[in-house]
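Q: First to last, the protein sequences are chains R and P. Residue 1 is where the first sequence starts when you use this note's numbering, and the numbers rise one by one after that. Residue 1 is where the second sequence starts when you use this note's numbering, and the numbers rise one by one after that.
Everything labelled a hint here was simulated from the structure, so no lab data went into it. Think of the CB as a built atom: it goes at the ideal place given N, C-alpha and C, for glycine as much as any other residue. Wrong hints could be hidden among the right ones.
Unchecked claim - Label pairs and their computed distance ranges (CB to CB):
id, chain 1, residue 1, chain 2, residue 2, range
1, P, 164, R, 2, 33 to 43 Å
2, P, 182, R, 235, 14 to 24 Å
3, R, 28, P, 316, 29 to 39 Å
4, P, 190, R, 162, 19 to 29 Å
5, R, 190, P, 63, 51 to 61 Å
As a plain string of letters, each chain reads:
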Amino acid sequence: MNLLVCVTKTPETTSKISFTGNSFNTEGISYIMNPYDEWYALVRALELKEQHSGTVTVINVGPAENDVVIRKALAIGADDAVRVDTTPTSAKEVAHHVFNYAKDKAYDIVFCGKETIDYNGAEVGGMLAALMDVPYLSFASKLDHDGTVATVERDIEGGVEVATVNGPFVLSASKGLAEQRIPNMRGIMMAKRKPLEVVAAQDVSADVATTGYSLPAAKAGVKMIDAENMTELVRLLHEEAKVI
Amino acid sequence: MSVLVLAENPKGNFKKPAFEAVHYGHLTAKALGTECIALVLGSADNPAQLGEYGASKVIHLTEGFDAYDSRRYLAAVTQVAQQIGANVVVLNHSSTGKSLLGGLAVKLNAGAVSGVNSIPNTDSGFSVNKNVFAGKAIAEVSINTDVKVLTLMGNSIPPEQVGSAVEVESLQIELPEAKTTVTGQNTVAGVVPLPEAELVVSAGRGMKGPENWGIIEDLANVLGATTACSRPVADTGWRPHHEHVGQTGVAIRPNLYIAAGISGAIQHLAGVNSSKTIVVINKDPEAPFFKAADYGVCADLFDVVPALTEAIKSFKASN
Ligand SMILES: Cc1cc2nc3c(=O)[nH]c(=O)nc-3n(C[C@H](O)[C@H](O)[C@H](O)COP(=O)(O)OP(=O)(O)OC[C@H]3O[C@@H](n4cnc5c(N)ncnc54)[C@H](O)[C@@H]3O)c2cc1C
Ligand SMILES: Nc1ncnc2c1ncn2[C@@H]1O[C@H](COP(=O)(O)O)[C@@H](O)[C@H]1O
Numbered sequence: 001m002n003l004l005v006c007v008t009k010t011p012e013t014t015s016k017i018s019f020t021g022n023s024f025n026t027e028g029i030s031y032i033m034n035p036y037d038e039w040y041a042l043v044r045a046l047e048l049k050e051q052h053s054g055t056v057t058v059i060n061v062g063p064a065e066n067d068v069v070i071r072k073a074l075a076i077g078a079d080d081a082v083r084v085d086t087t088p089t090s091a092k093e094v095a096h097h098v099f100n101y102a103k104d105k106a107y108d109i110v111f112c113g114k115e116t117i118d119y120n121g122a123e124v125g126g127m128l129a130a131l132m133d134v135p136y137l138s139f140a141s142k143l144d145h146d147g148t149v150a151t152v153e154r155d156i157e158g159g160v161e162v163a164t165v166n167g168p169f170v171l172s173a174s175k176g177l178a179e180q181r182i183p184n185m186r187g188i189m190m191a192k193r194k195p196l197e198v199v200a201a202q203d204v205s206a207d208v209a210t211t212g213y214s215l216p217a218a219k220a221g222v223k224m225i226d227a228e229n230m231t232e233l234v235r236l237l238h239e240e241a242k243v244i
Numbered sequence: 001m002s003v004l005v006l007a008e009n010p011k012g013n014f015k016k017p018a019f020e021a022v023h024y025g026h027l028t029a030k031a032l033g034t035e036c037i038a039l040v041l042g043s044a045d046n047p048a049q050l051g052e053y054g055a056s057k058v059i060h061l062t063e064g065f066d067a068y069d070s071r072r073y074l075a076a077v078t079q080v081a082q083q084i085g086a087n088v089v090v091l092n093h094s095s096t097g098k099s100l101l102g103g104l105a106v107k108l109n110a111g112a113v114s115g116v117n118s119i120p121n122t123d124s125g126f127s128v129n130k131n132v133f134a135g136k137a138i139a140e141v142s143i144n145t146d147v148k149v150l151t152l153m154g155n156s157i158p159p160e161q162v163g164s165a166v167e168v169e170s171l172q173i174e175l176p177e178a179k180t181t182v183t184g185q186n187t188v189a190g191v192v193p194l195p196e197a198e199l200v201v202s203a204g205r206g207m208k209g210p211e212n213w214g215i216i217e218d219l220a221n222v223l224g225a226t227t228a229c230s231r232p233v234a235d236t237g238w239r240p241h242h243e244h245v246g247q248t249g250v251a252i253r254p255n256l257y258i259a260a261g262i263s264g265a266i267q268h269l270a271g272v273n274s275s276k277t278i279v280v281i282n283k284d285p286e287a288p289f290f291k292a293a294d295y296g297v298c299a300d301l302f303d304v305v306p307a308l309t310e311a312i313k314s315f316k317a318s319n
């Protein structure tokens, strides 16, 4: 099975989020592989490869500093990697660059994460599927493949929907698809020798631009309620907060 | 020129997300000086009612949408948008809406923004606000293409009744063959799904074990609320995955979020801090969640939660 996994990096989840004008303050921020890409998409791809043989390639669209994240994906077990050398500012660019690389390579499944935990786009997977004209199985929390037919459970509101698909498709991974794998020493050593191909980016323009950031309004401060007096809490929720 | 809104009708019924999207489409159309047209795919009860929320017309395609197939849905929305010359397409920030967003952006050569929480600013160009970092921040994003596609974050813009029932039409479109087959659905019945819920009762590791969840369910039941949980609770299988809220779970913005036995880690707060009112029940006065709360109760949740349930019961009985 020929599998492609899209991986990207995001600020570490405990990062303090702050902005100056319309740019995100990157000082002191450390980056991780987007959890949906690392914990679920990549690991499930590796499991399918272990089951059916084949290759797992990871792809990132980004600058050279992203190699750290790519090497981690190789250390976890991917066979080889590609980086499209550009700094994208929109999902559209990412999708087109991945498509340009993947279009003549006959991947059985292209994996994405369900969203990046910074921008929360949830856009790249759907774009890729449309560009490739294949089904998009979004928010997959379970994937089985018998070599011909895939059975996918997709997260929908309040539960899951089960679908089967024949032929190639794009999948976005959500929690549950696999169990996180921690790279071991051997994996880390081997990753250094695995191929990381850097390809030049074709011309793709962005069609959205972030023009500013703000933080949600701060809370006025907590009002502590006596545990013996839940009637008072109910009164406040009704009269002051007006939520019940 | 028009604004096209996909009005979702799970199991044939329109619910709040459909009304929110249509009303949002109506407000957007007003800002652009054009009309809002609602699109309904598959069998639906009374599509004409979408006029009440501001649609000037409903296009209803009845055949071929019983089961979700990404390519068929995408083809339908694309062709309708093209035929009516839509320059904005509004979807819900739901499993269906998010699945369609990227594909529509490609097919319509449109700029896409997901999780929008404001009416577009059309003073110069077209820009919207969206949640980023699971609600820890808000980004203003401008779209430079002629056609725009948006998914609307739930509970952002309250739907209002501004009109009355409208005409329902059909359109001729061509659907590709389905390549996926839906073989089943497993959803909890009779509960408002988390992203739509106005009232949420959530609990964490302070519950000690899954066998204790009865008190959380009782509280949720008297309120008519949906239940949620912190990540370790879902990871250990105490609660189903779809209840996990936070940076790596569902991001929600209900009117009321009650958190019992949750410490308030930064990754948890990320997904819930857009809630209008937050009540925190925790026995540790130092729990970080109190800093993000509107109301706090510092005591044992096994006493507080049942007492709160009783207090709400009496309140409901006397109102
Ligand atoms: C990359 C990453 C992503 C993450 N994403 C998420 C996410 O999306 N969502 C999420 O929730 N977490 C997430 N986490 C985990 C997060 O960091 C916390 O570990 C988690 O939220 C803690 O869950 P908790 O509050 O239920 O448990 P704990 O931190 O163990 O807190 C339990 C709380 O219950 C209180 N308590 C105990 N007994 C009682 C009692 N009898 N009465 C009242 N109070 C009591 C305690 O005082 C304590 O504050 C993520 C972590 C990482 C590293
Ligand atoms: N720069 C990138 N390079 C490779 N893949 C990416 C990149 N950005 C996003 N992706 C993939 O697309 C998924 C969804 O991203 P988004 O649509 O931006 O939320 C991520 O989980 C990744 O799998």
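Q: Confirm or reject each hint.
A: Verification of the supplied hints:
1. For the hinted restraint 33 to 43 Å between residue 164/P and residue 2/R, the CB-CB distance of approximately 56 Å leaves it violated.
2. Under the hint 14 to 24 Å, the C-beta atoms of residue 182/P and residue 235/R, about 47 Å apart, miss the expected range.
3. At roughly 49 Å, the beta carbons of residue 28/R and residue 316/P sit outside the given window of 29 to 39 Å.
4. Separated by about 21 Å at the C-beta atoms, residue 190/P and residue 162/R satisfy the suggested range of 19 to 29 Å.
5. For residue 190/R paired with residue 63/P, a C-beta distance near 54 Å keeps the hint of 51 to 61 Å intact.
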